[in-house]
Structure formats: C-alpha cells, structure tokens
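Q: Here is what each chain is made of, one letter per residue.
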Amino acid sequence: MTAVPGDNVAAWLQEVMDKHEGPLLRYAERILGDADRARDVVQETFMRLLESDRSFDSGHLVSWLYTVCRNRCLDICRKERRMNPLNEYTERTRPSCEPAPEAVVSGREQAVRVTDALTALPANQQEVLRLRFQNSLSYKQIAGVTGLSVTNVGFLIHTGMQRLRKRFGVPRQPGRPGERQ
Amino acid sequence: MKLTRDNPILTAYALGELDPAEAAEVRTAIGSDESLLAEVEAICAQAGELEAQLTAEPMGRLSNLQRAALVQRAEEIDRATIGSYSPDRQRWLGVAAAAVLLLLAGVMGIWALLPSSGPTGPVVASVVPAPAPTPSPLGPTPMSTPTQVDDRGFFDPWHASVGSATLRPDGTQAEPGQSESFNDNPFCPAAELPGSTFGLNVDDASYRHIHHLIFEESRLPEPSSVRIEEMINHFSYNYTPPATDQTKPLTVRTDLAQCPWAKDRVLLRVVVQARPGQADQWAAPPEIIAKDARVRVVFNPAAVAKWRLIGFDGPLSGPDAGLGGLIAAGRSLTVLYELAPADNAKSASACTVRAEYRLPGEARLRKLALRAPGGAARRFEDASEDFRFAATVAGFGMILRNSPYKGTCTAAGMLDAAEASLGDDPMGRRSEFVGVLREACMLPLAE
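Residue numbers (our numbering), protein chains in the order written: chain A, 1 to 181; chain B, 1 to 447.
By construction, these hints were calculated from the structure, which means they are not laboratory data. On a predicted model such as this, the values are computed, not experimentally measured, just so you know. All C-beta atoms, glycine included, are put in the ideal place defined by N, C-alpha and C. Treat the hints loosely; a few may be bogus.
From chain A, some residues computed to sit far from chain B (all C-beta separations above 12 Å) [unchecked claim]: (1) Pro23; (2) Asp40; (3) Pro122.
Simulated restraints on C-beta separations [claimed, not checked]: (4) B:Pro426 / A:Asp57: 21 to 29 Å; (5) B:Arg79 / A:Ser55: 17 to 25 Å; (6) A:Ser55 / B:Gln72: 20 to 28 Å; (7) A:Ser136 / B:Ser224: 30 to 38 Å; (8) B:Thr247 / A:Glu15: 39 to 47 Å.
Just chain A, with the same shape it has in the complex (with noise of 0.2 Å):
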C-alpha cells in the first residue's frame, strides 16, 4: 500500500477503507457490543487519521488504526462505567456450557465450537489471538495496540493456543514456519 498519501488524500482514504474498515468494525463491535456504536468508532478513526500528519509507513498505519479505535471504544465503556470491557464482553459471550472435547468435529461445527472455546478464554487472550489470526497484526503490532510487551504478547498467545488445543486437538493440516521480515 502507498506509503505517504501524496497529493491524492481522497484515493489514500479509499485505500486504506478498503483493507481496513471491515476488521476495524469487526473489532470495535467485539469490544462495544454494538455495531451502530462500532460504526461511529471506525468512522471516528478514519476521520482522525485525515487530521493526522497521514505520514505513515503501513505497519504503523495499521498500528495506529486500531490503537486509536481501541482507545476509543475503552473511552466510551469507562463512560458507562464498565471498567473492565474485554472482561464483560467475555461475561456476556461465554457459552452456558464448554463444549466436550472430541477428537473429530468439522466444518461448521468445528467453527462455532472454536469460536465458543475462544470466548471462554480470559479477554486478554482473546483479544491478542484475534488480532494475531483475524487481522493478522504481528507480534509486535499487537504489543503498540494494547501497551503490552512483545514477550507478554507472545506469551498470551502461546497460552491461548497450548489451552484450544486441548480442547480440540490438532488440525490435520499442517503449516510451515517462516521469518519475520
């Protein structure tokens, strides 16, 4: 993605939309519970980033979109007085019951079951996992959006994994390792 926004802030806006305004409303809609209020959040975002010196290389854009989106729906749960969002979210979200664990399940199933496992994770946990795998923020983007450190991080993520996968298992699908660029 183009760096600098140049003398085209119009086409950099659209740009910058296009990749990020779904994940971004995902997100805020995860932290607020409201999608009417997530869309003013996002929307919020975009309209500081114009206000902004828009001088960004794009792993810290996308850094900053998402600091300043999580920041803001903090700032709008501490209004209501939930001091703790992330935790309530997960109060509000966790299943009635944890799912057993099974050696196969699959599909749609395997979906709705991970998701409710995730859930159930503690919320710092949840949320560095999502932001890992669901908008694919590196470790140490992860660590700029939350005011964690890069080991904390890498450490909730570790646990987070290591406590699914005893409820699931392991896909059959392996990946490969790689380096971070």
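Following the hints, complete the assembly by docking chain B onto the known chain A.
A: Just chain B now, with coordinates in the frame of chain A:
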C-alpha cells in the same frame, strides 16, 4: 539454546514472528528433535485453522452517510493542499451536486404534498438561516467565564441524597421502592426549589437507538426510551477549549437565548468542559482527568420564577444514585434548562453553577462555582449555531416523548431549524440528524 515444547518462543518461531537470526538459532536448537518438530507443525496447523475460522466471521460496513462524510473531508484536504483540482473531478462534482439538488427537490416536493402540522404552523420553522452572525439589538450574550472558589462555604446538598432513597434530577427525593416514572421533569418554582443536580456521565445510547429505529425500521421509539440529554450530547460542538491546567480539569460556561418553542421563556445552556487532552490523545489511552464529577445549578428567584431541566427525565435510582461520573480529557457536556423569568426581573444573576469533582488518585473534593449573568436573553435567531442546534435536538426529543412541554415544536419546524444550524460538521453527524428528521417527517408523529 535449550528448547522445550511449552516454550513460547517455539510458538513465535512457528508463527514467523522471529527475525532471521533468532529463527536460525531456534532452528538449530530444534535440530532433529522429533517432538519439537511435531510441536512446530501442530502450532502451524492450529494457526491456519484459527485464521481460516476467525477471518470468516462477518464484517460490517460504515453507513453511506458516514462514508460520504469521510470522502468529503478527504476531498477538502486535497483541495486545500493542491489549490485546484482536475477537470475530471470538477465534472464529477458537478454531476454529484446536480444529483443532490434533484434529490432535495424531490423530497421537498413530497413534503409539500403532506398535510399541514397544525393551524398555527411551526414557530421554529420561522427560524432563518444565519450565514453570518447578526448583532442583536440587545447585543450578543457572551459565554461567561468560570470562577474558581475555595471549599469554604460551598453548599453541598447532594450527599444527603445518596443511599437507598431515589434521587430525582431536580434534587428532590422519592421514597425508596417507589416505581420509576418517565414523566418529564416539571417546572419548579425557584423560590421553593432553587437547586438542580445532574451527573456528568451522560451517554448517547438513546440517540443511537432512535437513529436505528427511524432509519432501519421506519418506526418511532417508545417515548420512555427517549433521553433528551443523550440526544443532545451525541453531537460535538465547537466550543473553545479551556486552558490546559492539570489541577483545574473542568470549566463551566453558561449563556441564554429566547426559547424557540415557548414565548416568554428563556433557554439556559450550561456547558461543562474538561480540559483538552494531549496532542496525540487519540493514539493514547483515554486520559481520565476527573472523577466523581457532578454539577448543581442553583437558580436565583429574583431573576427566575420557574425552571425546568430538559432531559435527565425520570428518577435516578439504585446504588449509583447521586454518584458523579468519570471525565475523560477533551470531552464536554451540554445541558439545557427552560426558564420562566421572574416578573420585573432585574439584571441579577440568573443562577450559580457549582461543579464538584476529584482529581484521579486524590481523595480531596475540589469545587468550582460560576455566577451566571442574567439580564435580557438574546433572540434565538442570534444565538450561536451550536446553541440553536442543541435546542433543535431537544425540541425533537420532546416531540418523540410527546412531552407536555414541547410547546410549538413540530418535526417540520425542527427540520428547518436543524438545517439552519449545521455549522461546521466534520463528522457529518448533524447532516445525519437532518436525515433522521426527514425520515421522521414521513412517520406518524405524535404532535
């Protein structure tokens, strides 16, 4: 490096989070250890599974109005930066402007076919757009400046209201267990009930609910669900930011204008601001600058015969009754009162506004007070766009609540008044409100 299966660095390696040197070191440490190799493969497989399932979750979209506001702002920046823009864009904008005009003409045509709202017609509809401030014969009423006072002699009536009893917004108490009522706050005689208290933790959930119902479901909200203070404070206003002072996070301002829906009445606007946040506040966690914050307005019977708090209807009950809110930097609260001036009122102060709060991490209660000037209120038409817009939102709220105090308010009148007070609307929220009013005009309003 000695690795075990439960080492987080193995997960970081599998996810590609290590730089090349670190990755090489881990690769060497793994060597041909079958259990570690299997662990890395398992992590990779799980990562792929999580990514596939989580990215498949649905995503929303901004509304067309929200997108349009953003695009408009970006194009303004482009125009300001370049100074001129391409012929292609000019042609496109011309077509877009023509389309908007045609759409507006169509909507206006539909309105013209609708039956009149009443024999007297909407009073607020007579409000004319004021592109430039016009000096009132009485002269503009400037927003008064805050005055810090010390703790001595500060009237502190609200603490007595905390507990199991129910605290009404007007400062009176209901009996414990009394059922909640959504009746509008009544006019209170200033001589007998001079004081009114409100907390500063106002949300805007009610406006969002109203917006959703009218736009998405083409129906009006239940009157009891309409909270006017949440409607007014959904919008941002162009208030001059107060000076940055860590020890004085709050400022209070007031001003007056004639009431657009009731002759011989006056609107009092109370604005509570917090000092502004840091320059990069949007990329930093919200900065809480005050807590336990609340405001009490004490009216002067020599200047005000009766007063009514607009919004904050219904008693505040439960364990939070009487407690103040958390205030984040850069936020403001706008509150309106409807006043009936006293007979032969002189230019005595209309009221005293007292704010109480604590700084974060501090037990001491800090207080400030402002004596609001009285005198003749300026004409509504001469009030600022912010003032007029807030009053218009309040008027629409009273219509939705079918309030006995809505006076001459009509939806059509509110629409005209809103369009005449859009002002600087960077987020497009005021324009969106105009859209809500237009939709509401098509629905059977109780008026």
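Q: For each hint, tell me whether it holds in the structure or not.
A: Hint by hint, here is what the structure shows:
no.	hint	verdict
1	Pro23	violated, 6 Å
2	Asp40	violated, 8 Å
3	Pro122	holds, 16 Å
4	B:Pro426 / A:Asp57: 21 to 29 Å	holds, 26 Å
5	B:Arg79 / A:Ser55: 17 to 25 Å	holds, 20 Å
6	A:Ser55 / B:Gln72: 20 to 28 Å	holds, 22 Å
7	A:Ser136 / B:Ser224: 30 to 38 Å	violated, 45 Å
8	B:Thr247 / A:Glu15: 39 to 47 Å	holds, 45 Å
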